[in-house]
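Chemist: With the sequences and hints as input, model every part of the structure.
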Amino acid sequence: AQSVSQHNHHVILSEAASLELGCNYSYGGTVNLFWYVQYPGQHLQLLLKYFSGDPLVKGIKGFEAEFIKSKFSFNLRKPSVQWSDTAEYFCAVNAGYGGATNKLIFGTGTLLAVQP
Amino acid sequence: DSGVTQTPKHLITATGQRVTLRCSPRSGDLSVYWYQQSLDQGLQFLIQYYNGEERAKGNILERFSAQQFPDLHSELNLSSLELGDSALYFCASSLGGSGRAGNTGELFFGEGSRLTVL
Numbered sequence: 183a184q185s186v187s188q189h190n191h192h193v194i195l196s197e198a199a200s201l202e203l204g205c206n207y208s209y210g211g212t213v214n215l216f217w218y219v220q221y222p223g224q225h226l227q228l229l230l231k232y233f234s235g236d237p238l239v240k241g242i243k244g245f246e247a248e249f250i251k252s253k254f255s256f257n258l259r260k261p262s263v264q265w266s267d268t269a270e271y272f273c274a275v276n277a278g279y280g281g282a283t284n285k286l287i288f289g290t291g292t293l294l295a296v297q298p
Numbered sequence: 043d044s045g046v047t048q049t050p051k052h053l054i055t056a057t058g059q060r061v062t063l064r065c066s067p068r069s070g071d072l073s074v075y076w077y078q079q080s081l082d083q084g085l086q087f088l089i090q091y092y093n094g095e096e097r098a099k100g101n102i103l104e105r106f107s108a109q110q111f112p113d114l115h116s117e118l119n120l121s122s123l124e125l126g127d128s129a130l131y132f133c134a135s136s137l138g139g140s141g142r143a144g145n146t147g148e149l150f151f152g153e154g155s156r157l158t159v160l
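Going down the list, the protein sequences come from chains A and B. Each residue of the first sequence is one higher than the one before, counting from 183 in the numbering used here. Each residue of the second sequence is one higher than the one before, counting from 43 in the numbering used here.
Calculated directly from the structure, the hints in this document are not laboratory data. Treat each hint with caution, since some may be false.
Said to hold, decoys possible - Straight-line Cα separation of at most 30 Å, DSSO-like style, residue types lysine-lysine; simulated pairs:
{"no.": "1", "chain 1": "A", "residue 1": "Lys243", "chain 2": "B", "residue 2": "Lys99"}
{"no.": "2", "chain 1": "A", "residue 1": "Lys251", "chain 2": "A", "residue 2": "Lys240"}
{"no.": "3", "chain 1": "A", "residue 1": "Lys231", "chain 2": "A", "residue 2": "Lys253"}
{"no.": "4", "chain 1": "A", "residue 1": "Lys231", "chain 2": "A", "residue 2": "Lys251"}
{"no.": "5", "chain 1": "B", "residue 1": "Lys99", "chain 2": "A", "residue 2": "Lys251"}
{"no.": "6", "chain 1": "A", "residue 1": "Lys243", "chain 2": "A", "residue 2": "Lys231"}
{"no.": "7", "chain 1": "B", "residue 1": "Lys99", "chain 2": "A", "residue 2": "Lys231"}
{"no.": "8", "chain 1": "B", "residue 1": "Lys99", "chain 2": "B", "residue 2": "Lys51"}
{"no.": "9", "chain 1": "A", "residue 1": "Lys240", "chain 2": "A", "residue 2": "Lys253"}
{"no.": "10", "chain 1": "A", "residue 1": "Lys253", "chain 2": "B", "residue 2": "Lys99"}
{"no.": "11", "chain 1": "A", "residue 1": "Lys231", "chain 2": "B", "residue 2": "Lys51"}
{"no.": "12", "chain 1": "A", "residue 1": "Lys243", "chain 2": "A", "residue 2": "Lys253"}
What the hints assert, rightly or not - Listed next, the stretches of chain B that the computed footprint assigns to chain A, with coverage defined by at least 3 CB atoms under 8 Å from CB atoms of chain A:
{"no.": "13", "stretch": "62-71"}
{"no.": "14", "stretch": "78-89"}
{"no.": "15", "stretch": "96-109"}
All C-beta atoms in this analysis are idealised placements derived from N, C-alpha and C, irrespective of residue type, glycine included.
Modeler: In structure tokens, the structure reads:
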């Protein structure tokens with residue numbers, strides 16, 4: 183069965199600090215990988231996604247993520263965070279091409295608090 | 043705005059009661075997914091429907107059921123409610139049902155229905 187691990191449950195940073203959130207998944211086949219963000223009181227929004235090709239993907243609001251197949255990882259990065267990045271971040275995986283369903287399996291989430 | 047509409051936004055009810063949550067997917071999307079988000083369990087996949095048929099099942103309790111109607115909207119029925127069912131229930135939609143070519147697999151989420159069981 184697929185699973186997703188997010189190692190950082192709670193991260194506190196000052197504005198302008200760099201961010202890296204870890205995500206590892208377990209699944210032997212082709213996967214699609216996603217990062218979603220949930221701002222306080224809001225629904226989940228897609229930050230970025232990886233399906234194939236360049237393992238370094240760029241998303242909205244200056245976020246990027248790198249897919250390292252050998253490490254089963256898809257870490258999220260941002261060079262300089264802002265107070266408005268305060269939110270919960272979820273890594274997710276689905277089975278990719280040929281999978282029977284598009285259901286996403288989510289990690290437990292990382293709560294990011296950015297201090298002004 | 044994701045294009046996915048969920049009602050009601052908030053619901054307060056008592057233990058033992060039954061409630062129905064409703065979801066309208068984005069225009070053109072055939073798949074609907076239900077997720078439960080709670081503090082202790084995180085985001086748990088409950089069930090997926092594709093064009094009216096059940097496609098995948100996750101950690102959905104027997105007290106819970108769902109269906110997707112011909113107009114593609116979906117309802118999640120929660121019965122014999124317990125305190126532990128208090129959570130945020132999200133609906134999401136996507137174009138297709140599986141990871142086939144031409145289907146990006148991205149899910150679009152609604153704003154959720156917050157259920158409080160007293």
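Chemist: Which hints from the list above does the structure break, by number from lowest to highest?
Modeler: 1 and 13
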